[in-house]
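Peer 1: Sequence:
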Amino acid sequence: MRLTHFGHSCLLVETGSARILIDPGSFSSGFEELTDLDAVLITHAHPDHIDPERLGTLLEANDSAVVHAEPETAGSLAGSGLDVSALHAGQSVEVAGVTVSGQGGRHATIHADLPVIGNVGMLLSAAGEPTLFHPGDAYSATPEGVDVLAVPLNAPWAAIKETIDFVRAVGPGLAVPVHDALLTPPAREMYKGHVGRLGGAEIRDVAGAGPVDL
Numbered sequence: 001m002r003l004t005h006f007g008h009s010c011l012l013v014e015t016g017s018a019r020i021l022i023d024p025g026s027f028s029s030g031f032e033e034l035t036d037l038d039a040v041l042i043t044h045a046h047p048d049h050i051d052p053e054r055l056g057t058l059l060e061a062n063d064s065a066v067v068h069a070e071p072e073t074a075g076s077l078a079g080s081g082l083d084v085s086a087l088h089a090g091q092s093v094e095v096a097g098v099t100v101s102g103q104g105g106r107h108a109t110i111h112a113d114l115p116v117i118g119n120v121g122m123l124l125s126a127a128g129e130p131t132l133f134h135p136g137d138a139y140s141a142t143p144e145g146v147d148v149l150a151v152p153l154n155a156p157w158a159a160i161k162e163t164i165d166f167v168r169a170v171g172p173g174l175a176v177p178v179h180d181a182l183l184t185p186p187a188r189e190m191y192k193g194h195v196g197r198l199g200g201a202e203i204r205d206v207a208g209a210g211p212v213d214l
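Everything in the sequence shown is counted per the UniProt record's numbering, starting at 1 for the first residue and increasing by one.
Just so you know, the hints here were simulated from the structure itself, not pulled from any lab data. For glycine and all other residues, C-beta sits at the position ideal for the given N, C-alpha and C. Do not rely on the hints blindly, as some may be mistaken.
Using C-beta positions, here's what the derived DEER-type ranges look like [said to hold, decoys possible]:
1. Gly128 / Pro186: 38 to 48 Å
2. Ser64 / His111: 39 to 49 Å
3. Ser85 / Ile160: 30 to 40 Å
Taking the hints into account, I'd like the entire structure generated from these sequences.
Peer 2: Listed below in structure tokens is the structure:
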């Protein structure tokens, strides 16, 4: 498996058979130039996870790519004229030899006064490849058998103690920091250090590193 981090929560996941982009949002950049994508996966509707305008441009250059999104997000994007399939929690789809399984279902609570929207974590597995889990914006789903966890490092809905406990609960071999655009470089190192020391997983930081083979 090869990972490329395009900033914040956006990851390109490449296996021996597939090129899958996850959460191309407004805090991410560079993904617009990608070609030969098999799929785009979207965990939820917040702008830092999906930029509809740039998604449309991306799909024009990847006309064979399928888009699977959390159901509320899929409905919104379909209303904008994009061809998007809803992926529900507990549902699985096959993409170029990769099984994508929806996990969770609801976004983490930001505040009691704010509505809770849908959020579907994406679990990617394929024969001969490590299993990767991208949770989107929630720590509630902790699937078994995760080798690589894309761990949200910082968010308005999370405290570092919750991040650490989430990594412990999933128990991956590797944790790849994502959801980090709100952090200054020194703060990012602090968060990453806490998760690495206390979470029980090896931290593999792929931010700014280009394609990284796992």
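Peer 1: Kindly confirm whether 38 to 48 Å is satisfied by the beta carbon distance between Gly128 and Pro186.
Peer 2: Check passed, 39 Å falls within 38 to 48 Å.
Peer 1: Could you check the hint for me, namely that Ser85 and Ile160 are 30 to 40 Å apart, CB to CB?
Peer 2: 35 Å, holds
Peer 1: So the hint says 39 to 49 Å: do the beta-carbon atoms of Ser64 and His111 match that?
Peer 2: At roughly 41 Å between Cβ atoms, His111 and Ser64 fall inside 39 to 49 Å, so the hint holds.
In this structure, every one of the numbered hints holds.
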